[in-house]
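Engineer: First to last, the sequence lines map onto chains A and B. Going by our numbering, the first residue of the first sequence is number 23, and it counts up by one from there. Going by our numbering, the first residue of the second sequence is number 32, and it counts up by one from there.
Among the hints, a few may not be true.
[Said to hold, decoys possible] Listed next, the in silico DSS-like pairs over lysine-lysine satisfying Cα-Cα at most 27 Å (straight line):
1) 256/B / 66/A
2) 256/B / 72/A
3) 277/A / 66/A
4) 277/A / 254/A
5) 254/A / 369/A
6) 254/A / 64/A
[Unchecked claim] Some but not every residue of chain B turned toward chain A, in silico, with C-beta under 7 Å:
7) 168
8) 177
9) 181
10) 188
11) 189
12) 192
13) 193
14) 197
15) 198
16) 202
17) 213
18) 234
19) 243
20) 244
21) 246
These are calculated hints, taken from the structure and not from any lab test. This structure is a prediction, so every number in the text was calculated from the model and none was measured. Glycine residues also receive a C-beta, built at the ideal position from the N, C-alpha and C atoms.
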Amino acid sequence: MPEQDPRAPLRDWVDLTRRMAVLSGQFSQSDLRAVAIATTPKTKIAEWGKITLSRYCPVVESPSLGPLLIVHGLIGRQTVTDLQPDRSLVRRLIEAGVDLYVIDWGNPSRADRCRDFTDYADIALSDALDAIAEVSGARRAALFGICQGGVFGLCHAALYPERLSGLALAVTPVDFHADTQDPEPTHGFLNVWARGLPAELIDGLVDDVGNLSGRLTGAVFETLTPARTFAKYTADLFEIADDREALQMFLRMEKWLADRPDHPGAAAKQWLGDLYRENRLVRGTFALDGERVDLGRIACPVLTVIGRDDHIVPPPCARAVKAYLRNAPYREVEVPTGHIGVFVSRKAQQIVPPAVVSWLQGVA
Amino acid sequence: MTAAGPTDRDLLRLWLEASEAMFSAGGKAGEAWERSAALFEMWSKMARLFGGEDDGSGPFNPAQWLGPGALDGMADFTRWLEGPDFADLLRCERDALRESAEWLEWMAAAERFRTLVGQAWMRAFRTFLDGLAARETAGEGTNASWQAVQALWTEIADRELAQAQRSEAFLAAQQRLIRSQLALKNRLRARLERVAEFLGLPTRAELDDLHQTVHALRREIRQMKRERARQPDPERP
Chain A
23 MPEQDPRAPL
33 RDWVDLTRRM
43 AVLSGQFSQS
53 DLRAVAIATT
63 PKTKIAEWGK
73 ITLSRYCPVV
83 ESPSLGPLLI
93 VHGLIGRQTV
103 TDLQPDRSLV
113 RRLIEAGVDL
123 YVIDWGNPSR
133 ADRCRDFTDY
143 ADIALSDALD
153 AIAEVSGARR
163 AALFGICQGG
173 VFGLCHAALY
183 PERLSGLALA
193 VTPVDFHADT
203 QDPEPTHGFL
213 NVWARGLPAE
223 LIDGLVDDVG
233 NLSGRLTGAV
243 FETLTPARTF
253 AKYTADLFEI
263 ADDREALQMF
273 LRMEKWLADR
283 PDHPGAAAKQ
293 WLGDLYRENR
303 LVRGTFALDG
313 ERVDLGRIAC
323 PVLTVIGRDD
333 HIVPPPCARA
343 VKAYLRNAPY
353 REVEVPTGHI
363 GVFVSRKAQQ
373 IVPPAVVSWL
383 QGVA
Chain B
32 MTAAGPTDRD
42 LLRLWLEASE
52 AMFSAGGKAG
62 EAWERSAALF
72 EMWSKMARLF
82 GGEDDGSGPF
92 NPAQWLGPGA
102 LDGMADFTRW
112 LEGPDFADLL
122 RCERDALRES
132 AEWLEWMAAA
142 ERFRTLVGQA
152 WMRAFRTFLD
162 GLAARETAGE
172 GTNASWQAVQ
182 ALWTEIADRE
192 LAQAQRSEAF
202 LAAQQRLIRS
212 QLALKNRLRA
222 RLERVAEFLG
232 LPTRAELDDL
242 HQTVHALRRE
252 IRQMKRERAR
262 QPDPERP
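One chain only, chain A, in its complex shape (with noise of 0.2 Å):
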């Protein structure tokens, strides 16, 4: 048996005292509404009601890539491309010559109860692809679609095959029972529970807000992992004590989680109903506007970029594209972090935004 310091524990005590007082200290100082993210500079070239669609501004001569539009889907918000400037998926691309473009859904709210994936992912991203093309002069541009924002691309690029020179979905569930294939107990909750909910308890769900509120989708998340959410808070704020830079992360991360938007009931209903209960995307059956989405038709390469400890969407759900594409080239990219990690943490900043120019390089 090792001998145990019996002075160890007290040491331990005092140490953990100290990192209390030191973080009572930063917190009095820091407010989260001074935080900054999404600094990037960019401009807006278009707007239609909420939406605005944006131009990041270029940091090299001229930029060879692209156009690429990054599409957030409506839980939570695109900043996250864009946290601090050392972990900015949106920085290392316009650094790498990448004409780069991002559309920003708004703040919806009731009154657009309405809105379904014809708003979005036909509409909106006809008129963004539009407006692009008048701004950059090129023909086509490619899609990096963001979890339901690759869902989007996916629709858009299957209604219309010519429109899009690439897709390049992160983090995106395509089939959305196969968190079934996964053996890790914690992945796949939101499945389950979305799989086991009757059709008539979603839609009472979301009528009865008009919205699924941006109040209730961050609840859902933190009960996925109650005890880590906990933590968070208390041990390993009490880690990084000593560390003001990833205080400062911390904070910048608090910030773009409490910025839930809502999601539109009409396209709620969509993603819990005919896309996490039915499977409809995967099983053909799935129509915008009545026309069915056919992901065979895609005829544009495809990246799918894939977290492997991602408990929100499962990676054999996000992988599941390859089986779905008939003419379409395919590349796959593995990071080891969850499905925010895939954007913020260290580790992704190594490999992603290379992997997405490295694409763009052989998208036309």
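We have chain A already, so just place chain B on it with the hints.
Structural biologist: Okay, now just chain B, sitting in the frame of chain A:
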């Protein structure tokens, strides 16, 4: 200490003194820990005895007497109490009675849900204690750092809770909770709509209709604009 109260430095000193006192108690702290574990064991036995193992079906569980299941045998009585469902007779009174039943169902559903969640946390705590005991046996003992203890708790609790969340019982309880809450809210909403109509105020349903119309019109206008843009301009040569 200043006239305005304790400063950060005072609090830090007090905290350090308290910590030292706790650790100098040594063996006594260990005994307290053992007593708390014994208390937990006794509590668990009581819960199993009175509340049932894990399905919340024991006779002492409030969910059993408050739920609609318990009212099954009283369906005739409830119908008699509500009276005949005539169009223009005692409608408000019947609605109020149904509201009460829905409120009871919501309370019962919440109770059942809380029971399941509480049981999952207790199982996590039990497994955590076992994990600590295993460390003691392996010689890592009470000298484990707070980081190690916290990591052990996080790992065990999240695994245990994930398992509980996937169980049929949990999913059914959660659905029942959502369903009962929606039923109650819809009942209250309908009542408020009636009041608003009576007072000539715009209702939620009217606003929702309006939004739906605007949405449909927007789509039509966009479609017309695009079709028009595709047609050749007769003014141009």
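Engineer: Are the hints correct? Go through all of them and say.
Structural biologist: Right, here's what the structure says about each hint:
no. : hint          : in the structure
1   : 256/B / 66/A  : holds, 23 Å
2   : 256/B / 72/A  : holds, 20 Å
3   : 277/A / 66/A  : holds, 22 Å
4   : 277/A / 254/A : holds, 14 Å
5   : 254/A / 369/A : holds, 20 Å
6   : 254/A / 64/A  : violated, 32 Å
7   : 168           : violated, 10 Å
8   : 177           : holds, 6 Å
9   : 181           : holds, 4 Å
10  : 188           : holds, 4 Å
11  : 189           : holds, 5 Å
12  : 192           : holds, 6 Å
13  : 193           : holds, 5 Å
14  : 197           : holds, 6 Å
15  : 198           : violated, 10 Å
16  : 202           : holds, 5 Å
17  : 213           : holds, 5 Å
18  : 234           : violated, 13 Å
19  : 243           : holds, 5 Å
20  : 244           : violated, 9 Å
21  : 246           : holds, 4 Å
Checked against the numbered hints above, the structure breaks hints 6, 7, 15, 18 and 20 and satisfies the rest.
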